[in-house]
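Using the sequences and the hints, build the whole thing.
Numbering follows my numbering, with no gaps: position 91 of the sequence shown is 175.
Possibly wrong hints are sitting among the right ones.
Stated by the list, open to error - Think about it this way: if two alpha-carbon atoms lie no more than 30 Å apart in a straight line, the pair counts; the simulated DSSO-like pairs of lysine-lysine are:
| no. | residue 1 | residue 2 |
| --- | --- | --- |
| 1 | K124 | K168 |
| 2 | K212 | K124 |
| 3 | K212 | K168 |
| 4 | K205 | K169 |
| 5 | K124 | K169 |
| 6 | K168 | K205 |
| 7 | K169 | K212 |
| 8 | K88 | K169 |
| 9 | K88 | K168 |
| 10 | K101 | K124 |
| 11 | K101 | K205 |
| 12 | K88 | K124 |
| 13 | K124 | K205 |
| 14 | K212 | K101 |
| 15 | K101 | K168 |
| 16 | K101 | K169 |
For the record, the hints were derived by calculation from the structure and aren't laboratory data.
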Amino acid sequence: MYAKDVPPGTRFYHGTKAELGVGDLIVPGFGSNFVERGLKHVYFSAQLDAATWGAELARGEGRGRIFLVEPTGPFEDDPNLTDKKFPGNMTASYRSAAPLRITGEVEHWVGHSAEQVEAMKAGLARLKEEGRDTIIED
Numbered sequence: 085m086y087a088k089d090v091p092p093g094t095r096f097y098h099g100t101k102a103e104l105g106v107g108d109l110i111v112p113g114f115g116s117n118f119v120e121r122g123l124k125h126v127y128f129s130a131q132l133d134a135a136t137w138g139a140e141l142a143r144g145e146g147r148g149r150i151f152l153v154e155p156t157g158p159f160e161d162d163p164n165l166t167d168k169k170f171p172g173n174m175t176a177s178y179r180s181a182a183p184l185r186i187t188g189e190v191e192h193w194v195g196h197s198a199e200q201v202e203a204m205k206a207g208l209a210r211l212k213e214e215g216r217d218t219i220i221e222d
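Take a look at the structure:
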């Protein structure tokens, strides 16, 4: 679903290993799950599966967590995923230069199989080796 079509009241998710809680803000300027440099945007999705990947692939120690979030400002389609492999925004993935406010946490979620996670990590490592692990931040 494109950002322009997101109805009011849509539930958004953010997967991470960060130790945060309800009321905290997830702000731009920190490294992501995929790169260490600070980013201009925070990324989130309206699909639990996308946030699950975020929680499973997050850098750092500790358990993966999935937070319910609400954007505090305008947001747009994530250009790293939208209209790439398939037309549209099939993963309902978005980004914002404004912080995300944590409104809750998904306590019980089902992760992907160990094989799926390892395959995804191998694919990301391959992209890095090939120099194609870029994040569009324009």
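Hints, verified against the model:
1. K124 with K168: Judged against 30 Å, a Cα distance of about 21 Å means the pair holds.
2. K212 with K124: Judged against 30 Å, a Cα distance of about 20 Å means the pair holds.
3. K212 with K168: holds (18 Å)
4. K205 with K169: It holds: about 18 Å lies between the C-alpha atoms, which stays within 30 Å.
5. K124 with K169: Roughly 24 Å separates the two Cα atoms, so the pair holds.
6. K168 with K205: OK: K168 and K205 at ~20 Å, within 30 Å.
7. K169 with K212: holds (18 Å)
8. K88 with K169: holds (20 Å)
9. K88 with K168: Holds, at about 18 Å.
10. K101 with K124: Between K101 and K124 the Cα gap is close to 19 Å, so the pair holds against 30 Å.
11. K101 with K205: With Cα atoms ~16 Å apart, K101 and K205 stay inside 30 Å; holds.
12. K88 with K124: holds (21 Å)
13. K124 with K205: Holds - the C-alpha atoms of K205 and K124 are around 24 Å apart, at most 30 Å.
14. K212 with K101: This hinted pair holds, its Cα atoms lying about 22 Å apart.
15. K101 with K168: Within the cut-off at roughly 27 Å; holds.
16. K101 with K169: Status holds; Cα separation ~27 Å.
Going through the hint list in order, the structure satisfies each hint without exception.
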